[in-house]
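> For reference, the chains in residue letters:
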Amino acid sequence: MTLYAPTCLVNAALRAVQSREISLIPENEGARVVVSRSFADFTPQATFDIKKCDLHRLEEGPPVKAELTREQGLQYYRTMQTVRRMELKADQLYKQKIIRGFCHLYDGQEACAAGIEAAINPSDHLITAYRAHGYTYTRGVSVKEILAELTGRRGGVAKGKGGSMHMYAPHFYGGNGIVGAQVPLGAGIALACQYQGNNQVCVTLYGDGAANQGQLFESYNMAALWKLPCIFICENNKYGMGTSVERAAASTDYYKRGDFIPGLRVDGMDVLCVREAAQFAADHCRAGKGPIIMELQTYRYHGHSMSDPGVSYRTREEIQEVRSKSDPISMLKERMLSHNMASVEEFKEIDIEIRKQVEDATQFATSDPEPPLEELCNHIFSNNPLLEVRGTNPWSKLKSVS
Amino acid sequence: MAAAARLFLRGANSKLSIAPGSLGTTLLKLSPNCSSRTKTQRRHAAHFTFQPDPVPSQYGPTQKMNLFQSITSALDNTLASDPTAVIFGEDVAFGGVFRCTVGLRDKYGKDRVFNTPLCEQGIVGFGIGVAVAGATAIAEIQFADYIFPAFDQIVNEAAKYRYRSGNMFDCGNLTIRAPWGCVGHGSLYHSQSPEAFFAHCPGLKVVIPRSPIQAKGLLLSCIADKNPCIFFEPKILYRAAVEQVPEDPYTIPLSQAEVLQEGSDVTLVAWGTQIHVLKEVASMAQEKLGVSCEVIDLQTILPWDIETVCKSVVKTGRLLISHEAPVTGGFASEISSTVQVRLKWPVSHPPHSHVFTLCTDDVNCWCIH
Chain A
1 MTLYAPTCLV NAALRAVQSR EISLIPENEG ARVVVSRSFA DFTPQATFDI
51 KKCDLHRLEE GPPVKAELTR EQGLQYYRTM QTVRRMELKA DQLYKQKIIR
101 GFCHLYDGQE ACAAGIEAAI NPSDHLITAY RAHGYTYTRG VSVKEILAEL
151 TGRRGGVAKG KGGSMHMYAP HFYGGNGIVG AQVPLGAGIA LACQYQGNNQ
201 VCVTLYGDGA ANQGQLFESY NMAALWKLPC IFICENNKYG MGTSVERAAA
251 STDYYKRGDF IPGLRVDGMD VLCVREAAQF AADHCRAGKG PIIMELQTYR
301 YHGHSMSDPG VSYRTREEIQ EVRSKSDPIS MLKERMLSHN MASVEEFKEI
351 DIEIRKQVED ATQFATSDPE PPLEELCNHI FSNNPLLEVR GTNPWSKLKS
401 VS
Chain B
1 MAAAARLFLR GANSKLSIAP GSLGTTLLKL SPNCSSRTKT QRRHAAHFTF
51 QPDPVPSQYG PTQKMNLFQS ITSALDNTLA SDPTAVIFGE DVAFGGVFRC
101 TVGLRDKYGK DRVFNTPLCE QGIVGFGIGV AVAGATAIAE IQFADYIFPA
151 FDQIVNEAAK YRYRSGNMFD CGNLTIRAPW GCVGHGSLYH SQSPEAFFAH
201 CPGLKVVIPR SPIQAKGLLL SCIADKNPCI FFEPKILYRA AVEQVPEDPY
251 TIPLSQAEVL QEGSDVTLVA WGTQIHVLKE VASMAQEKLG VSCEVIDLQT
301 ILPWDIETVC KSVVKTGRLL ISHEAPVTGG FASEISSTVQ VRLKWPVSHP
351 PHSHVFTLCT DDVNCWCIH
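Protein sequences, first through last, are from chains A and B. Start counting the first sequence at 1; every next residue gets the next number (full-length UniProt numbering). Start counting the second sequence at 1; every next residue gets the next number (full-length UniProt numbering).
Treat the hints as calculated values from the structure; they're not laboratory data. Here the structure is a predicted model, which is why all the values come from computation and not from measurement. Yeah, the Cβ is synthetic: ideal placement off N, Cα and C, and Gly gets one too.
Selected chain A positions facing chain B (in silico; Cβ < 8 Å):
(1) I178
(2) N212
(3) G240
(4) M241
(5) R247
Which residues of chain B face chain A? A partial, calculated answer using Cβ under 8 Å:
(6) D91
(7) P117
(8) Q121
(9) G122
(10) Y146
(11) H185
(12) S187
(13) L188
(14) Y189
(15) V327
Some chain A residues flagged as far from chain B (calculated, every beta-carbon gap over 12 Å):
(16) E71
(17) K144
(18) F347
Using the sequences and the hints, build the whole thing.
Okay, structure coming up:
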């Protein structure tokens with residue numbers, strides 16, 4: 001036995017004891033203490049190859065390798081899994097007729113929301129269309145408030161008056177029902193950022209269906225003319241409601257449709273790819289080079305909305321194939337497992353926590369009372385003193401406070 | 001609907017001298033949620049019962065059809081008889097989101113029934129061009145709520161083409177169809193009734209049917225009419241309204257209001273879904289209050305049949321207009337002010353001049369539904 005061996009052993013033992021992995025035990029019950037391999041066993045950081053982006057009017061694009069730390073990986077996983085579970089819960093509640101009206105679900109596209117949020121700052125701005133639950137979450141609204149808004153209760157993020165398509169948060173401008181209408185708004189927000197000189201960017205999202213709206217091209221022109229720090233992002237999930245992109249667009253190279261605006265085509269199912277591209281785009285805008293377009297190639301598992309089964313214009317095999325080969329959450333998980341960045345138990349733990357979180361949120365969303373009738377007409381105008389609004393007949397007067 | 005009944009109570013009081021006490025219980029039963037009691041856990045959706053018209057005998061054999069099937073039948077007749085007719089819009093090829101164009105593409109070919117991309121301004125502008133060049137253009141806007149990007153094309157281009165070209169050109173061959181009105185779960189962007197915006201624009205015709213028989217006849221009239229027409233289809237009636245509709249083409253004249261029920265005490269005017277509400281109100285008023293109502297379906301909003309409405313109000317002395325759109329600037333205000341001007345009533349206390357408008361308030365038409 002050599003002289004240094006006991007010291008080594010002691011040191012190793014000490015290290016193992018110090019850095020013994022203890023999972024974050026939530027305050028509520030129902031969580032098990034994870035007994036797993038020690039912290040030191042996991043790889044803290046790894047580099048992954050990611051798909052190269054197609055470029056338009058750009059000499060070079062985002063890097064083809066992405067670094068991921070263990071913490072980041074777990075955080076992206078948690079974010080995407082929360083969005084996934086929340087959307088599936090919304091599906092369930094809709095079928096139980098607890099959520100009514102229109103509901104457009106985001107499952108399958110989680111990597112877009114998670115990747116973009118990872119690349120921008122909370123002080124940057126984001127605006128999207130009606131498939132907005134994922135972005136509402138990544139921009140800081142709790143699952144509880146999102147589900148309560150879907151069920152139309154007073155605890156909802158828009159006080160129960162907005163519903164699925166109208167959720168907002170600081171620096172998150174919704175949630176917009178009319179297709180394409182949010183894009184000129186996004187350009188305007190970017191103008192405000194430029195005017196105020198605060199080095200912030202505005203991420204303006206739209207879909208492949210909206211890409212054929214005239215107001216987008218008006219926005220591209222203004223953004224390019226005035227070099228606005230606007231990142232236009234087309235979430236191309238291949239179908240505009242029931243119309244496939246080939247049948248709607250003369251050019252399906254959505255990243256090139258800005259013509260004079262540089263563009264990137266990005267694999268939207270890979271959170272690292274999205275993150276690197278969004279980082280690249282944000283740097284581009286912050287450097288004062290003007291707007292940039294990103295096309296995220298992604299896929300939605302559900303139909304356009306809850307009233308669309310989603311299988312009359314595409315085959316079940318196609319959906320199944322994407323689920324098995326390109327699911328964003330599975331991809332991240334496999335990457336981390338194969339590089340020994342986390343354990344299967346850890347992921348299971350996170351899943352259990354998220355399930356509980358979503359269950360609690362559902363409980364709140366189904367038990368919270370609806371907004372009171374007195375609030376029905378509030379916030380029509382900004383008015384002081386209060387405004388009287390006629391109800392459905394000449395004798396019913398409602399008050400509007402704002 | 002219950003609010004309308006309260007109105008009759010007041011009107012009935014002045015004319016029929018019925019003691020309020022005896023009708024007090026009736027009033028309570030009919031009273032809507034005007035009270036401040038919160039009943040927010042229950043849905044407050046107003047109800048209506050579709051009241052079908054009697055089977056028409058003058059147009060040939062009939063078939064049981066609902067509203068969207070009657071529209072399909074009208075479009076089928078048009079594509080068969082007019083070789084220049086084309087139908088286009090978002091998702092019309094597979095049949096449309098409300099199934100109004102089912103089977104037409106298979107029957108008439110993909111060059112006559114085709115999809116457009118998602119661009120309302122483009123759809124209408126394109127439609128104007130098709131119409132000006134001589135073909136019959138039938139454009140579909142997927143929901144009336146989405147018609148606003150096309151507002152400029154409709155108001156500035158379509159409506160004024162004939163006038164500004166000194167009658168050399170016109171887009172009379174253009175008909176725009178759009179699902180209209182509240183449906184119960186549509187909220188802000190699937191429930192709107194924008195007829196008042198277009199009523200403000202000379203050069204256009206705006207038509208709203210109440211039922212399948214009316215829809216087919218009026219739509220065929222719009223298509224035949226040599227002016228650009230906007231045809232709003234009450235979406236809540238697409239499946240709910242079933243009638244025996246003639247299979248052969250037939251037209252119902254535009255700008256002619258129809259008196260559905262004669263009466264002597266009050267004139268009720270409405271269009272679209274509200275007609276069925278008012279018919280129910282009329283029978284409730286007759287039964288419970290002994291009030292005789294004359295129910296008029298305006299059908300064409302622009303240009304509207306002023307004579308029929310005025311003639312009726314001269315007879316009854318009272319006018320009640322009901323629509324889903326917001327109160328302020330709604331078409332009821334146009335009707336009521338025109339009637340008052342025409343009949344030369346002084347502003348203060350003319351005899352028997354109770355003109356009321358019952359409309360959803362400016363917020364409720366989005367929020368409640």
